[in-house]
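Those sequence lines, one after another, are chains A and B. Mapping of the first sequence onto numbering that gives the first Met the number 0: residues 0 to 250, in sequence order. Mapping of the second sequence onto numbering that gives the first Met the number 0: residues 0 to 241, in sequence order.
Think of the hints as simulated: they come from the structure by calculation, not from any bench. Quick caveat: nothing in here was measured; it's all calculated off a predicted structure. The beta-carbon is built from N, C-alpha and C at its ideal position, and this holds for glycine as well. Relax, there's no trap hidden among the hints.
Covered stretches of chain A (chain B as the covering partner; in silico rule of three or more C-beta atoms under 8 Å from a C-beta of chain B): (1) 44-53; (2) 69-77; (3) 87-101.
Distance condition first, Cα-Cα at most 25 Å in a straight line; then the derived DSS-like pairs of lysine-lysine: (4) B:16 with A:68; (5) A:66 with A:156; (6) A:44 with A:69; (7) A:92 with B:16; (8) A:132 with B:33; (9) A:44 with B:16; (10) A:68 with A:22; (11) A:22 with A:4; (12) A:69 with B:16; (13) A:113 with A:131; (14) A:131 with B:33; (15) B:16 with A:66; (16) A:22 with A:66; (17) A:69 with A:4; (18) A:132 with A:113; (19) A:156 with A:110; (20) A:44 with A:22; (21) B:16 with A:156; (22) A:4 with A:44; (23) A:92 with B:33; (24) A:131 with A:92; (25) A:156 with A:44; (26) A:92 with B:95; (27) A:156 with A:221; (28) A:92 with A:113; (29) A:221 with A:4.
With the C-beta cut set under 8 Å, the calculated list includes, among others, these residues of chain A facing chain B: (30) 81; (31) 83; (32) 104; (33) 105.
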Amino acid sequence: MIEIKNIIKDFNDSRVLFGIDGKFLPGQPNLIIGSSGTGKTVLLKCIVGLLSPDEGHVYYDQRDFHKAKKQEVREIRREIGMLFQGGALFDSKNVEQNVSFPLDQLTDMPKDEKLDRVNFVLKRVGLENVNKKMPSEISGGMKKRVGIARAIVNNSKYLFCDEPNSGLDPQTAIVIDHLIEEITEEYNITTIVVTHDMNSVMEIGEYVLFMYKGRKLWEGSKDEILHAEVNELQDFVYSNKLLKAVKAESR
Amino acid sequence: MKIIGRYFLFLLSLFVKREAFNTYVRLIIDECIKVGIDSIFIVAIISTFIGAVTAVQTAYNIVSPLIPNYVVSLVVRDMVLLELAPTITAIVFAGKVGSNIAGELGTMRISEQIDALEVMGINSSSFLVLPKIIACILMYPLLVILAAFLGVCGGYLAATLTGAMTPDEYIYGIRADFIEYNVTFGLIKSLVFAFLIASISSFTGYFTEGGALEVGRASTKAVTSSCIAILSADYLLAQLLL
Chain A
0 MIEIKNIIKD FNDSRVLFGI DGKFLPGQPN LIIGSSGTGK TVLLKCIVGL LSPDEGHVYY
60 DQRDFHKAKK QEVREIRREI GMLFQGGALF DSKNVEQNVS FPLDQLTDMP KDEKLDRVNF
120 VLKRVGLENV NKKMPSEISG GMKKRVGIAR AIVNNSKYLF CDEPNSGLDP QTAIVIDHLI
180 EEITEEYNIT TIVVTHDMNS VMEIGEYVLF MYKGRKLWEG SKDEILHAEV NELQDFVYSN
240 KLLKAVKAES R
Chain B
0 MKIIGRYFLF LLSLFVKREA FNTYVRLIID ECIKVGIDSI FIVAIISTFI GAVTAVQTAY
60 NIVSPLIPNY VVSLVVRDMV LLELAPTITA IVFAGKVGSN IAGELGTMRI SEQIDALEVM
120 GINSSSFLVL PKIIACILMY PLLVILAAFL GVCGGYLAAT LTGAMTPDEY IYGIRADFIE
180 YNVTFGLIKS LVFAFLIASI SSFTGYFTEG GALEVGRAST KAVTSSCIAI LSADYLLAQL
240 LL
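Work the whole structure out from these sequences, hints included.
Okay, structure coming up:
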């Protein structure tokens, strides 16, 4: 489980996050949603440790991440897997080397065992026979899958996904969403997904935290979101013509 | 001053939370091939021509019959060893290798590859930059030795083929009044220049912010900053060590 308490972050005397709280449970996708510029990625970076919050705490199973000793921080980091918006695959390495990278750097696994593990996770994300391809030779959807494979190859306990569907067509986006959901449930990982895609919310949003201008305005599940009585949330949810039509139809 | 402070903090971060030694060996070898082996051709071409031009221009300037011909090759030798091989090669090295390093790291920064390393708990600056600096320090002096040799050879070809002097005169000149310390000085300069090029270019690329335009700017800035640092260090070292 990941718990955040009163996360405050300023950039150049301008406050970006205003005391965000949240509890992200394992075994279910946890979504942080909001429109662009609302602080979702800044919050994610504070949770993951790429940024340090000016105030507040991030607890990884009761371990305070930003106050922990260096060795403990290093141990927590080795339990983290992250899928970046653009995949962040290493250009100079092929798919197999990219996925194997955390094992190469963080474990003493023998070569055969590493290769077996890499092939296993690639198969799990639906990719086979692409081991020797370079990142420039695979599609956007495949890059995201390789990114997920790399994020889980070292048996991560925590998985973070920053806009996993950006740049993907609707069908591939749903495939990626379901892959994240399946892996989260199968391995009982604590998964946090940052997105502004309502389709993702309706597909996998077991816990949804809505942010608006740096504040947490609402939290709940995908079943509750359509009827939540928060104006800003309703504007966000029904900004999409499809959902507007669904709302009109249901009336 | 802020940038200089940040630069030194960056250098310090290379040695904190280092990865295992084995990790660096493979990376250093890969970088040695990139910065060293791949630079041989350009260094060879430039140093040969620089030696040739130096010989021709020196011969052109030495018009007094009281000055023996072998002085031309003596001048070529000392100029190549003291200045042309380490410094001109450094300028070229900064343009080729420095811009490459800055571009590579800048692209990694904007495509979040550096963030990916940090999230995994890897010290990205140490992992990415330290092998580059070590590779440059290992390979650049070898390139300077090659440049010095080819510079002298280029001078030989130019001086003898143009009839400015005989081969025996040229060989006599490059052996006359030879000061061994000039070689040492040239190699000390090469070590300093290699460190400056690699560290400044890495610093510029590592802290790139923005998009493709900023990566291009970082590459250019790496080259110009490296050149300024090289020339400043060139003067300081000459003042201190000669």
